[in-house]
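Chemist: Each chain, written out:
There are 2 protein chains.
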Amino acid sequence: MSADLTKLVTDLAQRARAASLVLATAPTAAKNAALARLAVLLDSRMLPASTDALLTANQQDLAAARENQLTGAQIDRLTLSAPRIAQMAEGVRQVAALPDPVGEELERTVRPNGLEIRKIRVPIGVIGIIYEARPNVTVDCAGLCLKSGNAAILRGGKESFHTNTALAALIAQALAQAGLPADAVQLIPTTDRAALTTLLKLDTLVHCIIPRGGESLIRFVAENSTIPVIKHFKGVCFVYVDRDADPDMAERIVLNAKVQRPGVCNAAEQLLVHAGAADALLPRLARALLAKKVELRCDPASAAILKKHQLAGRAAQPADFSTEFLDLIMGVRVTPSLDDAIATINRDSSAHTDAIVTRDAAAARRFLAGVDSAVVLWNASTRFNDGFEFGLGAEIGISTDRLHARGPMGLRELCSYKYVVTGSGQVRG
Amino acid sequence: MSADLTKLVTDLAQRARAASLVLATAPTAAKNAALARLAVLLDSRMLPASTDALLTANQQDLAAARENQLTGAQIDRLTLSAPRIAQMAEGVRQVAALPDPVGEELERTVRPNGLEIRKIRVPIGVIGIIYEARPNVTVDCAGLCLKSGNAAILRGGKESFHTNTALAALIAQALAQAGLPADAVQLIPTTDRAALTTLLKLDTLVHCIIPRGGESLIRFVAENSTIPVIKHFKGVCFVYVDRDADPDMAERIVLNAKVQRPGVCNAAEQLLVHAGAADALLPRLARALLAKKVELRCDPASAAILKKHQLAGRAAQPADFSTEFLDLIMGVRVTPSLDDAIATINRDSSAHTDAIVTRDAAAARRFLAGVDSAVVLWNASTRFNDGFEFGLGAEIGISTDRLHARGPMGLRELCSYKYVVTGSGQVRG
Numbered sequence: 107m108s109a110d111l112t113k114l115v116t117d118l119a120q121r122a123r124a125a126s127l128v129l130a131t132a133p134t135a136a137k138n139a140a141l142a143r144l145a146v147l148l149d150s151r152m153l154p155a156s157t158d159a160l161l162t163a164n165q166q167d168l169a170a171a172r173e174n175q176l177t178g179a180q181i182d183r184l185t186l187s188a189p190r191i192a193q194m195a196e197g198v199r200q201v202a203a204l205p206d207p208v209g210e211e212l213e214r215t216v217r218p219n220g221l222e223i224r225k226i227r228v229p230i231g232v233i234g235i236i237y238e239a240r241p242n243v244t245v246d247c248a249g250l251c252l253k254s255g256n257a258a259i260l261r262g263g264k265e266s267f268h269t270n271t272a273l274a275a276l277i278a279q280a281l282a283q284a285g286l287p288a289d290a291v292q293l294i295p296t297t298d299r300a301a302l303t304t305l306l307k308l309d310t311l312v313h314c315i316i317p318r319g320g321e322s323l324i325r326f327v328a329e330n331s332t333i334p335v336i337k338h339f340k341g342v343c344f345v346y347v348d349r350d351a352d353p354d355m356a357e358r359i360v361l362n363a364k365v366q367r368p369g370v371c372n373a374a375e376q377l378l379v380h381a382g383a384a385d386a387l388l389p390r391l392a393r394a395l396l397a398k399k400v401e402l403r404c405d406p407a408s409a410a411i412l413k414k415h416q417l418a419g420r421a422a423q424p425a426d427f428s429t430e431f432l433d434l435i436m437g438v439r440v441t442p443s444l445d446d447a448i449a450t451i452n453r454d455s456s457a458h459t460d461a462i463v464t465r466d467a468a469a470a471r472r473f474l475a476g477v478d479s480a481v482v483l484w485n486a487s488t489r490f491n492d493g494f495e496f497g498l499g500a501e502i503g504i505s506t507d508r509l510h511a512r513g514p515m516g517l518r519e520l521c522s523y524k525y526v527v528t529g530s531g532q533v534r535g
Numbered sequence: 107m108s109a110d111l112t113k114l115v116t117d118l119a120q121r122a123r124a125a126s127l128v129l130a131t132a133p134t135a136a137k138n139a140a141l142a143r144l145a146v147l148l149d150s151r152m153l154p155a156s157t158d159a160l161l162t163a164n165q166q167d168l169a170a171a172r173e174n175q176l177t178g179a180q181i182d183r184l185t186l187s188a189p190r191i192a193q194m195a196e197g198v199r200q201v202a203a204l205p206d207p208v209g210e211e212l213e214r215t216v217r218p219n220g221l222e223i224r225k226i227r228v229p230i231g232v233i234g235i236i237y238e239a240r241p242n243v244t245v246d247c248a249g250l251c252l253k254s255g256n257a258a259i260l261r262g263g264k265e266s267f268h269t270n271t272a273l274a275a276l277i278a279q280a281l282a283q284a285g286l287p288a289d290a291v292q293l294i295p296t297t298d299r300a301a302l303t304t305l306l307k308l309d310t311l312v313h314c315i316i317p318r319g320g321e322s323l324i325r326f327v328a329e330n331s332t333i334p335v336i337k338h339f340k341g342v343c344f345v346y347v348d349r350d351a352d353p354d355m356a357e358r359i360v361l362n363a364k365v366q367r368p369g370v371c372n373a374a375e376q377l378l379v380h381a382g383a384a385d386a387l388l389p390r391l392a393r394a395l396l397a398k399k400v401e402l403r404c405d406p407a408s409a410a411i412l413k414k415h416q417l418a419g420r421a422a423q424p425a426d427f428s429t430e431f432l433d434l435i436m437g438v439r440v441t442p443s444l445d446d447a448i449a450t451i452n453r454d455s456s457a458h459t460d461a462i463v464t465r466d467a468a469a470a471r472r473f474l475a476g477v478d479s480a481v482v483l484w485n486a487s488t489r490f491n492d493g494f495e496f497g498l499g500a501e502i503g504i505s506t507d508r509l510h511a512r513g514p515m516g517l518r519e520l521c522s523y524k525y526v527v528t529g530s531g532q533v534r535g
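Order-wise, the sequence lines are chains A and B. Counting in our numbering, the first sequence runs from 107 upward without gaps. Counting in our numbering, the second sequence runs from 107 upward without gaps.
One or more hints might be untrue.
Note that the list lumps identical chains together, so a pair holds whenever it fits in one copy or between two copies.
No farther apart than 27 angstroms at their CA atoms in a straight line, the calculated lysine-lysine pairs in the BS3-like style are these [claimed, not checked]:
| id | residue 1 | residue 2 |
| --- | --- | --- |
| 1 | Lys307 | Lys414 |
| 2 | Lys225 | Lys340 |
| 3 | Lys225 | Lys113 |
| 4 | Lys264 | Lys225 |
| 5 | Lys225 | Lys307 |
| 6 | Lys340 | Lys413 |
| 7 | Lys340 | Lys398 |
| 8 | Lys225 | Lys399 |
| 9 | Lys340 | Lys307 |
| 10 | Lys414 | Lys113 |
| 11 | Lys398 | Lys307 |
| 12 | Lys225 | Lys414 |
The hints are simulated quantities; they were obtained by calculation from the structure and are not laboratory data.
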């Protein structure tokens, strides 16, 4: 059985590698045709039969989900509906409309010996995407990999296995109808953990692994992969309100960063307030957060200020100050100085997204240079760390790694480069 | 003992991380001052006492090397001399003279909501360098990491342990004298394998591992590291002589690629000749290679041609066609077509450096697009895949990975980037 599984995954990866070599030089028009065809196959207004097949597969997953007593929220994430499928189709059309990143000349130099050296953007090759329940990830990732000329190996969660299988069949059909290899996007046809572990060791066939999901899945992937992984474990994002912050702006940004969508990685989890502004500002910020039902977990200094104003704040545990709550909870601390704020963030944040609110340009510059995070913001909400907000047109994830891609990753971040050297018979002396 | 070792390596990495935050915003002048000081400390004409200490440490390693019966070549690689030390000093001065890659603005966009998004080049952070005998690597890597604003953790081979320790002491002295943290470059003070394994798991403190050395060392590192690794395992480089190759140029390039320095990763190991040119060209190429004492390991087609001309070629084993010989040996095959040549290279090369020799521009374009290697060349020797030859001014290695850096890696490839976002109170709706 285990030998069979190894063979199954290895064969699949070999087919992906072969497909990737075709895809790497495929014309933009062919890739866009496959995406357009996929959008048609998904769109219930155009092909009700294929949508029906998808909904039937989804019903199988939903029945299993109810049997396994998944939570309401989990079942909701899993559920496909005609509008949700239409949304997937629209996403695919948007990716088709983006410029093709492949083939762009990034640099060109001519050396004194006459060699012309060009640095050209090319696909990475074969990308493995490891993800959890949401079935739209199947279509999003397939579309982004295809547009950037990469073959994709998808390994979704077991909760959405039937839905993913049906989606993968539509993707293969779209590829074939556009004259591209159907093996360019393949779903691993089992959710056996051993298949995943096998995949993560195929470093001669697969060039990059992108895990998307909870921290434990991502840690499992990072620890077991001999293939390079691009990831972020979590988003413990800070808003630092400086001594010289505009009070209205501070309230607006803290509130937006915390409550606009608390369950996502770029939501703020931690509030730092400069001691020189805490007496004046913290009660106002706390009042606004409490009005939105945010629980405040406070250090002694912030707790004392809140108490003076009869505002509710509970004493924090040390771990609260580096926790990703993904909920209406916020760590609150008073910091004696800008330098201390920078050091605190470099120690306790997840280096994902951190913001300063201040009118003091010199303080902002020190913060932006000194905070060692993927995205640092001055007078703007942490919620802006996002591929669409950055104008990338799409997003396959956000990286807190420092190699290859950092911050939001779009089509260009799914590419590598190669050097193309043109000579006239040069040899080395 | 093992707990002690874990603590030793972890403490060292924590100091490196702290130093990296200082180094990340250190002015160019301070980094250059440290490099200039290091060059003085190394230069025997200026400070004979510090050179003497270095040579004494080197003598200890050499005595052990003789006792352990290392080969003459190994002992030579290990040996320091006044000219070799002067060469190290000169290398450090050259790195000081290169432009500082840190702080460069790579992109700037202003979004419709007024947010200004700048992509700025920043150091990676803490880089671990794992290498083998040559002690000059200690100084080269320290210099490149320092100039690019990264803290370095060095782990050299046991053969050069005393020499490396003496070099690391000079580097620490130079850093301190320039007002930079001495912990910015640290040598792991033991060659116990367990210390290396511990280091490779410290993924919250160390951001990148660069192994340099033989394939088995690099595989060990890649398999045991939870930190991203940039590497190349080996260089199995091809020269493909197309049907329409200029005969003089083909001979010159094949000869240079194979024999100019056969022990390096960008030397050619494999020769492919188009069937349409093999009768006319292969005897000439073989004669030139044999005159330089290159052993030819031939497929049946090339063997038959050589035999017709009474030229020596032995029958190849299948493994010969994907082997890195690092010696005066070459695999030789006749290929029926350009497409077959491209497929052969994509299957058997190590995706490091592959060249085509042809006068046919259309064939060249297909080769350059279709061969999926870090560096592809048209009418030039594979030996040009090199940081200095590419004009990078320095080289810390050559990558065959597809993430982050591919091909020769200089100072810019030792950097990451961050996004710096400036707003005026923007929040997400």
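Chemist: If a hint holds in the structure, say so; if it doesn't, say that too.
Modeler: Hint check:
In this assembly of identical chains, the alpha carbons of Lys307 and Lys414 never lie at most 27 angstroms apart, being 58 angstroms within a copy and 46 angstroms across copies at closest. In the homo-oligomer, the alpha carbons of Lys225 and Lys340 lie at most 27 angstroms apart only across protomers (22 angstroms), although the nearest pairing inside one protomer, at 33 angstroms, exceeds that limit. In this assembly of identical chains, Lys225 and Lys113 lie within 27 angstroms of each other by CA distance neither inside one copy nor across copies; the values are 37 angstroms within and 43 angstroms between. For the homomeric pair Lys264 and Lys225, neither the shortest alpha-carbon distance inside one copy (41 angstroms) nor that between copies (38 angstroms) is at most 27 angstroms.
Taking the shortest Cα distances, Lys225 and Lys307 never come within 27 angstroms of each other, neither inside one copy (30 angstroms) nor across copies (33 angstroms). In this assembly of identical chains, Lys340 and Lys413 lie within 27 angstroms of each other by CA distance neither inside one copy nor across copies; the values are 32 angstroms within and 65 angstroms between. Proximity of Lys340 to Lys398 under the C-alpha cut-off of 27 angstroms is restricted to the intra-copy arrangement: shortest distance 24 angstroms within a copy versus 58 angstroms between copies. In this assembly of identical chains, Lys225 and Lys399 lie within 27 angstroms of each other by CA distance neither inside one copy nor across copies; the values are 52 angstroms within and 36 angstroms between.
For the homomeric pair Lys340 and Lys307, the shortest alpha-carbon distances inside one copy (24 angstroms) and between copies (19 angstroms) are both at most 27 angstroms. Taking the shortest alpha-carbon separations for Lys414 and Lys113, neither the intra-copy value of 67 angstroms nor the inter-copy value of 44 angstroms comes in at or below 27 angstroms. For the identical chains of this complex, Lys398 and Lys307 are neighbours neither inside a copy (47 angstroms) nor across copies (41 angstroms), given an alpha-carbon limit of 27 angstroms. When the C-alpha separation of Lys225 and Lys414 is checked against a cutoff of 27 angstroms, the pair qualifies neither within a copy, at 62 angstroms, nor between copies, at 43 angstroms.
Against the hints set out earlier in the document, violations occur for numbers 1, 3, 4, 5, 6, 8, 10, 11, 12.
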